[in-house]
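Q: Full structure from sequences and hints, please.
Order-wise, the sequence lines are chains A and B. Each residue of the first sequence is one higher than the last, beginning at 244 in the working numbering. Each residue of the second sequence is one higher than the last, beginning at 244 in the working numbering.
Be careful, since some hints might not be right.
Each pair may be met inside one copy or between any two copies, as identical chains are not told apart.
Claimed, not checked - Here are the computed lysine-lysine pairs in the BS3-like style, where the Cα-Cα straight-line distance is at most 25 Å:
hint: 1; residue 1: K460; residue 2: K402
hint: 2; residue 1: K659; residue 2: K383
hint: 3; residue 1: K460; residue 2: K294
hint: 4; residue 1: K656; residue 2: K346
hint: 5; residue 1: K424; residue 2: K250
hint: 6; residue 1: K397; residue 2: K434
hint: 7; residue 1: K383; residue 2: K346
hint: 8; residue 1: K389; residue 2: K433
hint: 9; residue 1: K347; residue 2: K294
hint: 10; residue 1: K441; residue 2: K591
hint: 11; residue 1: K424; residue 2: K383
hint: 12; residue 1: K283; residue 2: K256
hint: 13; residue 1: K591; residue 2: K250
Calculated from the structure, these hints are not laboratory results.
Here is how the chains run, residue by residue.
There are 2 protein chains.
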Amino acid sequence: MDFERIKALLADKNFSLLQEELINMQAADVAEFLEDLEVKIALLVFRLLHKEMATDVFSYLSHDRQSELLMLVNEKEFTEIIDDLYFDDKIDLLEEMPAYVVKKILRNASETERRLINQFLNYPDNSAGSLMTIEFVDLKKEMLVKDALDRIRKIALDKETIYTCYAINAHRVLEGIVSLKDLVLAPLDKKVADVMQKEVIFVNTYDDQEYIADIVKKYDLLSVPVVDNEQRLVGIITIDDIVDVIEEENTEDFHRMAALEPMEEEYLSASIFGLARKRIVWMMVLMLSATLTSFIIQKYNVALSAVISLAAYIPMLTGTGGNAGAQASTLSIRSIALGEVGFKDIFKVIWTEMRVSFLVGITLAIINFLRILFLEPALQDNTFSIAITVSATMLITVMIAKMIGGTLPILAKQLKLDPAIMATPVISTIVDALTLLVYFTFATWIFGIAS
Amino acid sequence: MDFERIKALLADKNFSLLQEELINMQAADVAEFLEDLEVKIALLVFRLLHKEMATDVFSYLSHDRQSELLMLVNEKEFTEIIDDLYFDDKIDLLEEMPAYVVKKILRNASETERRLINQFLNYPDNSAGSLMTIEFVDLKKEMLVKDALDRIRKIALDKETIYTCYAINAHRVLEGIVSLKDLVLAPLDKKVADVMQKEVIFVNTYDDQEYIADIVKKYDLLSVPVVDNEQRLVGIITIDDIVDVIEEENTEDFHRMAALEPMEEEYLSASIFGLARKRIVWMMVLMLSATLTSFIIQKYNVALSAVISLAAYIPMLTGTGGNAGAQASTLSIRSIALGEVGFKDIFKVIWTEMRVSFLVGITLAIINFLRILFLEPALQDNTFSIAITVSATMLITVMIAKMIGGTLPILAKQLKLDPAIMATPVISTIVDALTLLVYFTFATWIFGIAS
Numbered sequence: 244m245d246f247e248r249i250k251a252l253l254a255d256k257n258f259s260l261l262q263e264e265l266i267n268m269q270a271a272d273v274a275e276f277l278e279d280l281e282v283k284i285a286l287l288v289f290r291l292l293h294k295e296m297a298t299d300v301f302s303y304l305s306h307d308r309q310s311e312l313l314m315l316v317n318e319k320e321f322t323e324i325i326d327d328l329y330f331d332d333k334i335d336l337l338e339e340m341p342a343y344v345v346k347k348i349l350r351n352a353s354e355t356e357r358r359l360i361n362q363f364l365n366y367p368d369n370s371a372g373s374l375m376t377i378e379f380v381d382l383k384k385e386m387l388v389k390d391a392l393d394r395i396r397k398i399a400l401d402k403e404t405i406y407t408c409y410a411i412n413a414h415r416v417l418e419g420i421v422s423l424k425d426l427v428l429a430p431l432d433k434k435v436a437d438v439m440q441k442e443v444i445f446v447n448t449y450d451d452q453e454y455i456a457d458i459v460k461k462y463d464l465l466s467v468p469v470v471d472n473e474q475r476l477v478g479i480i481t482i483d484d485i486v487d488v489i490e491e492e493n494t495e496d497f498h499r500m501a502a503l504e505p506m507e508e509e510y511l512s513a514s515i516f517g518l519a520r521k522r523i524v525w526m527m528v529l530m531l532s533a534t535l536t537s538f539i540i541q542k543y544n545v546a547l548s549a550v551i552s553l554a555a556y557i558p559m560l561t562g563t564g565g566n567a568g569a570q571a572s573t574l575s576i577r578s579i580a581l582g583e584v585g586f587k588d589i590f591k592v593i594w595t596e597m598r599v600s601f602l603v604g605i606t607l608a609i610i611n612f613l614r615i616l617f618l619e620p621a622l623q624d625n626t627f628s629i630a631i632t633v634s635a636t637m638l639i640t641v642m643i644a645k646m647i648g649g650t651l652p653i654l655a656k657q658l659k660l661d662p663a664i665m666a667t668p669v670i671s672t673i674v675d676a677l678t679l680l681v682y683f684t685f686a687t688w689i690f691g692i693a694s
Numbered sequence: 244m245d246f247e248r249i250k251a252l253l254a255d256k257n258f259s260l261l262q263e264e265l266i267n268m269q270a271a272d273v274a275e276f277l278e279d280l281e282v283k284i285a286l287l288v289f290r291l292l293h294k295e296m297a298t299d300v301f302s303y304l305s306h307d308r309q310s311e312l313l314m315l316v317n318e319k320e321f322t323e324i325i326d327d328l329y330f331d332d333k334i335d336l337l338e339e340m341p342a343y344v345v346k347k348i349l350r351n352a353s354e355t356e357r358r359l360i361n362q363f364l365n366y367p368d369n370s371a372g373s374l375m376t377i378e379f380v381d382l383k384k385e386m387l388v389k390d391a392l393d394r395i396r397k398i399a400l401d402k403e404t405i406y407t408c409y410a411i412n413a414h415r416v417l418e419g420i421v422s423l424k425d426l427v428l429a430p431l432d433k434k435v436a437d438v439m440q441k442e443v444i445f446v447n448t449y450d451d452q453e454y455i456a457d458i459v460k461k462y463d464l465l466s467v468p469v470v471d472n473e474q475r476l477v478g479i480i481t482i483d484d485i486v487d488v489i490e491e492e493n494t495e496d497f498h499r500m501a502a503l504e505p506m507e508e509e510y511l512s513a514s515i516f517g518l519a520r521k522r523i524v525w526m527m528v529l530m531l532s533a534t535l536t537s538f539i540i541q542k543y544n545v546a547l548s549a550v551i552s553l554a555a556y557i558p559m560l561t562g563t564g565g566n567a568g569a570q571a572s573t574l575s576i577r578s579i580a581l582g583e584v585g586f587k588d589i590f591k592v593i594w595t596e597m598r599v600s601f602l603v604g605i606t607l608a609i610i611n612f613l614r615i616l617f618l619e620p621a622l623q624d625n626t627f628s629i630a631i632t633v634s635a636t637m638l639i640t641v642m643i644a645k646m647i648g649g650t651l652p653i654l655a656k657q658l659k660l661d662p663a664i665m666a667t668p669v670i671s672t673i674v675d676a677l678t679l680l681v682y683f684t685f686a687t688w689i690f691g692i693a694s
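A: In structure tokens, the structure reads:
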């Protein structure tokens, strides 16, 4: 988004024209603009917005900017902003704000709302309860369609979505859903119960967000109702929040696959110590595991001294093994995440990887054999034996790496671990050690050296 | 999903009860059930479905299963299935089906539809044109609200979404959008033009799907209108298709980051040669680049023969360097994909990584130093010098790896390459070579050996 025009108006202090420009902008764009301004200037621009747009813009701001603005506004503005937020945005805000802002918000809330807020704040992170909103349309299933439409018309303004309505019985138990489309198309004197769909897909307040995202994707839903343990309707989750969950879960997988502990802050706004802490534990575990490779090499020191040229191929072999493992584990992890592969497929995966890795491994081995034989005259009389040793190791390494990379994520999943842990860093640490064992075993055979 | 119950009914040939069970199931679940049945049995079950549900179930099936079923059904069923599909599903189907199925579909289509199909098939892969559907509600902006509502009621059944309607002028140019919510709430005698929102977010038929997904995410849209080069409304893209795009783009990034060429087939249904081809090119490039490491080691052969124990630490050093690079490049690639980091931030990234990598590097170096000094008595008199050499290399390697990992994706993006290419495999190949150069440089200094 290019803000040149409104930046110029702001610099010229031409506030009336600026106000007109802002009216025609999207709330998300105005928020993006406010994000980069000095906070006092941001407040000045924020105050130019119409009340309705202001709330909208506010909900698109980062939590940092939100709390900066809330600290500067007066009591009346504060109440207006908070009152108009959708309930799920309000809860999000409360979870991130400094304590005194939270207190101020709770002080301004009614008794009922305060109870509700406390209940929502108690849902575990990443649960349906923490994601849901209470601004949905519920209809008594005994209502007539025409009364239902009237009710929707009356309460629609405050609701996050009116396109799916939820039919409940006298005990607030969810009994069906009915789309606005179906209501609009139905005869006015039918009952809601006659037009509603009785087979409802719903989630429980304690269900995990990853599971909810899978449900929404599978059934192509625009929103999903949330019920408590007594099947009573307590909220809904809308697709825009699910899209955020999908990206969050993907980010978590990307990070975990690179041995980074998941973090919620943005990269450049996180603290240096925070960033270092997220990285160091895994790095240390992996480094210490890698000392196994030192022991293996030390064990074969005699072989290595006898044919010092063997050392030259170690990084290429471990590197290629690592890449082969990375390919297989990434395919496997991603297929598990998308629900395409499960534990029952483990033998299929092994059989697939066995054949694929043979094709890839033999190709690489041959290329490598020819390269050493013809392009490395420096090796004198050993050339042929070295070429054989390196190429045979190459084939076996690629095959081992691909089998391990393909199956470990599936086993992790079966053991209720996150499959994403079994990605490049862990796989390549394991493969490094195995590669060296294979290499030196071949070397001692081929060169006839005692280890 | 557990299909025990309906499997039992199918085995018992209790078709009337099976049919009743199917009515109450979700289309996506029925599709999942049909997917794993023998194709003739699947057809038998498919024929038990009511017409409306049958189309729905069909659209959830995999392309393979769709074409298997289409080959077995009779002419009448064929026409019914195809006619009832939403236009975007029909186009998807046409793109994947064998030629004779396509011919059959085109033969059954009207002249207008045939022209439209051909036009849609010509949009480039992954463009807005290839994603959009034509089942949307368009309203003349001069219409009255009450006439608009009547029109929606009349045509709603065939439309994929009626919750956002599109206002056009006499030349079909998109002039505004109006939600069903706004129409329902508006006075009946106002004009559509008076209640519509004039600032519309739209995309062009040739825009790329990744860009469209970004737009939808940024503005929390449920659907986005697509216009041609003359700003005429030609289609819409709905959020359920965008969710698929998001997952597709993420999969592409996951694969590319593991040096796999992107593939659209599912892992276990792809062919062995196909899988091997997707992997081998990058593997070969990386293996041949890694031969650089052999040359470096050969160059320092003398140093290595003098202190053969140095060889033992090579895999641990390159492995740790690779992991450090993987962490930084993954953070950087993901932040670019989420729009949090751009070229303007490159110095901020360098400065961040410099400090983080120093913290991480120095910690690892110290742990490593102590471990070698106290836990490796096998090194005799060299222990201290080796510990210093390895630990100093560790610090420098981690720092280099993190700077390269953090910045190369940003540079790739600036050069219009996919940042995901600059992930673990490429980074670790570069870092391996640099690690060895640093290691042997330190070794020749500390041990006073001429290289």
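Q: Okay, which hints does this one fail, numbers in order?
A: 2, 4, 5, 7, 10
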